[in-house]
Amino acid sequence: MRSRIRGLAPTPILAGFLLTGAALAVLPLVLELSIYTHNLMTLTFLSVAGALAWNWMGGFLGQVSFGHAATFGVGGFVAARIVLWAPVPAPLAWLVGGLVAGVFALGAHPALRLRGPYFSIATIGLGEATRLLFTYWEDFTGGSSGLSLPIETALKHRLYWWGLGLVVLVTAASWLIRRSGLGLQLLAIKADVDAAADLGVSATFYQDLMIALSGAVVGVTGGMWASYFSFIEPNDMFGFDRSIGFVLMAVIGGVGTVLGPLLGAVVFVLLRQYLLASYPQLYLGVYGLLLIFIILFEPLGLTGLLRRLWQRLSALRGKV
Amino acid sequence: MNIARPSFLKALLAALALLAVGLPAQAAPPKARVSVGATLPLTGSEARIGGFVKEGYELAFEEVNKAGGLQVGNQKLPVALTLLDDATNQATAVSLADKLINSDKVDFLLGTYSSHLIEAQSTVAEQYKVPYLQGGGGATKIFKRGFKYLFGTISPVELLGTTLMTWIDQQQKAGKLPKPAKIALLWENTAHGKDFRKGVSDFVAQNKGAYIISVDESFALDGKDFSALLGKVKAAKVDLFLADAHLPDYITMHRQYVASGLCHKVVSYGARGSEKGAIDALGVENVKYILSGVWWSSQLAAKPGPSRDFVTAFKARYGGRDPEWFQALAYLSAKTLFAAIQQAGTVDREAVRQKLATMKVKSLLPGGPLEFPAALGQQAQNPFVVQQNTPDGKSPIIFPQDVATGTGVAANPKCPN
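From first to last, the protein sequence lines are chains A and B. Numbering follows my numbering, with no gaps: position 82 of the first sequence is 82. Numbering follows my numbering, with no gaps: position 385 of the second sequence is 385.
The hints are simulated quantities; they were obtained by calculation from the structure and are not laboratory data. Predicted model only: the values in this text are computed from it and were never measured. Hints may be right or wrong, so weigh each one.
Straight-line Cα separation of at most 25 Å, BS3-like style, residue types lysine-lysine; simulated pairs [said to hold, decoys possible]:
{"#": "1", "chain 1": "B", "residue 1": "K198", "chain 2": "B", "residue 2": "K182"}
{"#": "2", "chain 1": "B", "residue 1": "K276", "chain 2": "B", "residue 2": "K66"}
{"#": "3", "chain 1": "B", "residue 1": "K176", "chain 2": "B", "residue 2": "K394"}
{"#": "4", "chain 1": "A", "residue 1": "K156", "chain 2": "B", "residue 2": "K148"}
{"#": "5", "chain 1": "A", "residue 1": "K156", "chain 2": "B", "residue 2": "K129"}
{"#": "6", "chain 1": "B", "residue 1": "K234", "chain 2": "B", "residue 2": "K179"}
{"#": "7", "chain 1": "A", "residue 1": "K156", "chain 2": "B", "residue 2": "K362"}
{"#": "8", "chain 1": "B", "residue 1": "K276", "chain 2": "B", "residue 2": "K303"}
{"#": "9", "chain 1": "B", "residue 1": "K66", "chain 2": "B", "residue 2": "K129"}
{"#": "10", "chain 1": "B", "residue 1": "K237", "chain 2": "B", "residue 2": "K208"}
{"#": "11", "chain 1": "B", "residue 1": "K144", "chain 2": "A", "residue 2": "K156"}
{"#": "12", "chain 1": "B", "residue 1": "K31", "chain 2": "B", "residue 2": "K76"}
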């Protein structure tokens, strides 16, 4: 068993991963982080978890979704409604929200027959249809007026660790999926769905599995998001901007890689916040330039850049 | 030596006692300035209005600093405004408010613009117990959450619907409009639009037999194509066209309204219609006789008082341009916060909150003094003024009578009989 785990995750990587997680967990306890930094890191964790889960579909399976805001919104509103209806612990509400979002994501099953840009266009339609449906479902979502949740400062503070826990879980899951037989089958589907089916890979099953899992995790982040903000509104939760956000985080970091969406989300949230607060006129331009640069010169995003740097350093070390 | 020993012991005991009860608190460093934070939609769909609100805030801050600052207790302190762009985005508005409070350490917050942004952002102010004064979100839902730190200088949108209907009712009673009059009621699907709809619907329900709502439809904020909606209006052959829209939607919808060849005895887009930018965009000819209800008008400066003072100062600062209600309410919000700080004599947030909750101050709003009734969620309840665009490109106040600068026209002379 131990050797199997070692095969999936080499010891230095496993140790580095666990150490980073542990360091982030104790960070607010040893350093006096300002409330703002604490909250910003919480938001970053939620974005990281969402981007990593998006990557299971868009990166591992090659089905680039522009409609993930739908599952984010479903998870968020289901969790919010549960919190408002019954005195249940918030984590349970997030979990139920995630499960419902996962099942809801399976509604995109017919679109899985489409590949490439056709699938992406279909997800735009599904996302927008979901947004409209929930905007007009006033009894459930409060319509365009949204839902206000009780303001719970302590829960908002604890969300740091819940968010970090989710990131650790989703990163580990990403790594395991990538390194396991499942990952190989997903790669086969990504390369050629028909050829994969000829080799005995159940393309439909694995695509359904990934869309449900991806939707569920994004749904959980939606639930946490609702608890963080204490107010959610359909046009924001289901907005196209949010779907684009997931895509951008993965593209910036490196689509299809394990750590890419994580790096991309960190840059996406922190850089955006910094630019908005310091250089509001520049933030859209800087984003545009960053994307153009990555698409033109480094399709694997920041991960590709880091790999190149690593190779250069290794070559230099070899010369020395 | 013998004498010194008891003194030494006494001193030691005194020191120990001090340690036991805790050292006397160090006096807080004297406050160098009063720090106020705000975010505004300076980019995104509400960027235009965000710019207007910024003008109002900046004028208020400049004025008070030119006068030497705020009298806080026995010291005069300058006021500093930290203004950030929330990009017309809820999550950004929330997280930047968080930054202003917890990183920039501002003492108080002024509101952003638009009900949906304020509804989200005000939760942060409430959470960290920071007084939040705003004049950009009039939806009543914002004020029905029992928040203690949220104050609105902007009257409810519901009252806007009621006010417009009151003027229309006067025209109907004078025989200028048909009875019953058929209404097309279009409202943006937001808390703002729902309030407007409620104001009109309640009025219609209270005046049975006088009005029939033939079309009652919502539309999404930031719409690009209203042709289907306008098609329904055309088919229903209504007399009154009453819509509630934000500025970009008003411009888009009315352009399509004109292109469809529609004409109604009364046309209104709620609070929109008299904006100079919209008149420029649509052309004077196309906006003639549009009725609008606003929270404030520069024509209130006709009489001496706070409105005249504000208009004079605004014109001097912004090259002779007339302010609109956006700048006026922003200016008023900032000035009211300053008044509360001065009256409280401290920058202590709780003391200023309590002062805001109980104060009644002279204001530039129609109806005079401003107060924040607790029973109504601390939202001001000052009346609206109704304006109507005229063929010469002006928009005189036509209602209420005591502040009117012109006479309203109904039915719309542009429409063929």
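Tested hints:
Between K198 of chain B and K182 of chain B the CA atoms are separated by roughly 17 Å; this keeps the pair inside 25 Å, and the hint holds. For a cut-off of 25 Å, the pair hint linking K276 of chain B to K66 of chain B is broken: about 30 Å separates their Cα positions. Restraint check: the Cα-Cα separation between K176 of chain B and K394 of chain B comes to about 22 Å, which is no more than 25 Å; the hinted pair holds. A hinted pair counts as satisfied when its Cα atoms are at most 25 Å apart, and K156 of chain A with K148 of chain B qualifies at roughly 20 Å.
Taking the CA atoms of K156 of chain A and K129 of chain B, the gap is near 15 Å; set against the 25 Å cutoff, the hint holds. At roughly 19 Å between alpha-carbon atoms, K234 of chain B and K179 of chain B fall within 25 Å of each other, so this suggested pair holds. Our distance criterion of 25 Å between C-alpha atoms is broken by K156 of chain A and K362 of chain B, whose separation comes to about 40 Å. For the suggested pair K276 of chain B and K303 of chain B, the alpha carbons sit about 22 Å apart, so the restraint of at most 25 Å is met.
For a cut-off of 25 Å, the pair hint linking K66 of chain B to K129 of chain B is broken: about 30 Å separates their Cα positions. Straight-line distance between C-alpha atoms of K237 of chain B and K208 of chain B comes to about 20 Å, which keeps the hinted pair within the 25 Å bound. Of the pairs offered as hints, the one joining K144 of chain B and K156 of chain A holds, with about 23 Å between alpha carbons and a cut-off of 25 Å not exceeded. Note on K31 of chain B and K76 of chain B: the hinted pairing holds, with a Cα-Cα distance of about 10 Å set against a maximum of 25 Å.
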